[in-house]
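**Q** Quick mapping for you: the protein sequence lines, in order, are chains A and B. Going by our numbering, the first residue of the first sequence is number 1, and it counts up by one from there. Going by our numbering, the first residue of the second sequence is number 1, and it counts up by one from there.
Keep in mind the hints are simulated off the structure, nothing from the lab. As the structure is a prediction and not an experimental result, all values here were calculated from the model. We put the beta carbon where it would ideally sit given N, CA and C, even for glycine.
Label-pair ranges, simulated between beta-carbon atoms: (1) Asp49/A <-> Tyr190/B: 58 to 64 Å; (2) Gln181/B <-> Ser37/A: 39 to 45 Å; (3) Ser30/A <-> Leu299/B: 34 to 40 Å; (4) Gln181/B <-> Gln83/A: 40 to 46 Å; (5) Ser163/B <-> Ala71/A: 47 to 53 Å.
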Amino acid sequence: MHETVWGLAAGARLHWREWEGEVVLFHENSANIHQLSPVAVTALRLLMDEPATNATLVQKTASCLDIDVDAPLQDDIDQLLSQLRRLGIIQAVQP
Amino acid sequence: MIVSDLSTAGVSRRLGKGQLFLRTGPFISRIQTSIASIQSGIALLYAGFPVYDDAPFADFHVALERPPNLRRWFRPQVTFKFDGWAPFKPLPLNQAFAMFEWGMNWCVVNHAHRYLVLHAAVVERNGCAMIMPAPPGSGKSTLCAALVSSGWRLLSDELAVISLATAGLVPLPRPVGLKNQSIHVIHQRYPDATIGKAAHDTTKGTVAHMQPPAESIARQQEEARPAWVLFPKYTPGHALELQRYSKAQSLLKLVENAFNFTVLGKQAFDCLGQVIDDSDCFTLEYSSLDEAVSQLNALEIPAPCA
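Extracted from the complex, chain A is given alone in its bound form (with noise of 0.2 Å):
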């Protein structure tokens, strides 16, 4: 058995705005608006740029925010990622 791979939703049109480090992110297809942590848009633009499996996304994170790789991370991956296939933001792509 493999890990899910997961990757941008076939259509997905997402719109960032940013000011003073905080970012707000419009998904344009379901026209819902969502505040993200520091992670979660880490995490989401490594998504955009190519599909990763759960702990990929958990060490390419932690790199780009130079953090470590704790379960308090991967606990806030794991439920980011959940979120975001719930909102048709992301989806299962083939490996």
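Use these hints to put chain B onto chain A, whose structure you have.
**A** Just chain B, lined up with the frame of chain A:
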């Protein structure tokens, strides 16, 4: 021609025949009613607004009527109609003018999708607009009435109308809705203010409307640049507290207060993003209107609007 150029009988006659075309901001409304309290309310509170006997186009065709049912004899009511259709249940006749005002808001909110429309008051000074979104009970309209009675220009008491093309604030200066104690407060502070007849026992309590300042009406075609987004909150006994507020959070709150954000989609997101780019954002908690007005008069104008 403005409404006050007509006699009260002239206003009533035109309204009775549906021949009164009233300009408020960018909209022309054709209004028909034989209800005396609305006729006198329009003659008084819209006295300075442009009016036409005929117009090639009206944005909204509205009528306020007494429904022809048995209630008309023992508990008279009023119905608001838009293009001959009644979007709301009738209200007691003593609330007729308030229903007219609420109905006019409904027309803009549901049909003016060439603009982004927010639930917010908007006032202006030196060409710079302050957008004040706030939930009911936060003292938004009272603060708005105090500001426009202290030299700020009224763009709108209830609906912020934003141009999608320019992100500028489009004036829609209609009578300022006052509720409950704020009617007395504004009457006491500004005895020269013209306030219409109060309607009691509405869903919002006692409601009355204040005539907009003449200058606000005269300049109702003049857009203003966004400069401040202010979230006011009236708290009795609270010391004045003005605090900077996160721009990202401000954007989320503006979206919460937008009527047609999902209709307009990315255009609305871009437009509100521009508004937030250009604005300084604050929360204001206050109990003294004098202190609040004085504090807002002293706000520095942000660079994009300067």
